[in-house]
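Enquirer: Sequence:
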Amino acid sequence: MRTRSSNSAHPTRPISLAMAPQAEEQPVSTSRAEGVLVLRLAGALYASDAGDLALDARRHADAARALGHRLVFDLTDVTLLSGAAAAALAVAAHESGDEREGDGEPTIAVVADAHIRAVLTRALPPSIGVHATIGEALA
Numbered sequence: 001m002r003t004r005s006s007n008s009a010h011p012t013r014p015i016s017l018a019m020a021p022q023a024e025e026q027p028v029s030t031s032r033a034e035g036v037l038v039l040r041l042a043g044a045l046y047a048s049d050a051g052d053l054a055l056d057a058r059r060h061a062d063a064a065r066a067l068g069h070r071l072v073f074d075l076t077d078v079t080l081l082s083g084a085a086a087a088a089l090a091v092a093a094h095e096s097g098d099e100r101e102g103d104g105e106p107t108i109a110v111v112a113d114a115h116i117r118a119v120l121t122r123a124l125p126p127s128i129g130v131h132a133t134i135g136e137a138l139a
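First residue of the sequence shown: 1, per full-length UniProt numbering; consecutive thereafter.
Errors might be hidden in some of the hints.
[Claimed, not checked] Simulated restraints on C-beta separations:
1. T79 x E34: 25 to 33 Å
2. G35 x S127: 14 to 22 Å
3. L67 x A47: 29 to 37 Å
If you are wondering where the hints come from, they were derived from the structure by calculation, not from laboratory data. All C-beta atoms in this analysis are idealised placements derived from N, C-alpha and C, irrespective of residue type, glycine included.
Construct the entire structure; sequences and hints are all you get.
Expert: The following block contains the structure:
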């Protein structure tokens, strides 16, 4: 679990990034279904989190590709998503889909929150699926 650096605009709070293949490096929750690697994100993801988020998302995209798995970003528990954080996810999703063989693009699962869905959808290419629930994404 990481914490943001403290500043007056945004108090320190945990950032939950699930680390599937390297769970021993960071003690956070994760899940893997057959052929699917799920990266779970939670809380508020500010622009200042985008750099760390991009690194972790790319690491998961690489792991999914190496395992021959589809990558799913689960944003069900995200309460705020900045445009910069959405862009970081979009880059990792694009790289994961472009460089893998098989069915192509990853799925990104989001809660049905209209604001988060709007921010994420603007950042993503139209070829990447956005679903209201993790169940729909895995179907």
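Enquirer: All the hints need checking, so say for each whether the structure fits it.
Expert: Here is how each hint holds up against the structure:
1. T79 x E34: 25 to 33 Å: holds (30 Å)
2. G35 x S127: 14 to 22 Å: holds (19 Å)
3. L67 x A47: 29 to 37 Å: holds (31 Å)
Checked against the numbered hints given earlier, the structure satisfies every one of them.
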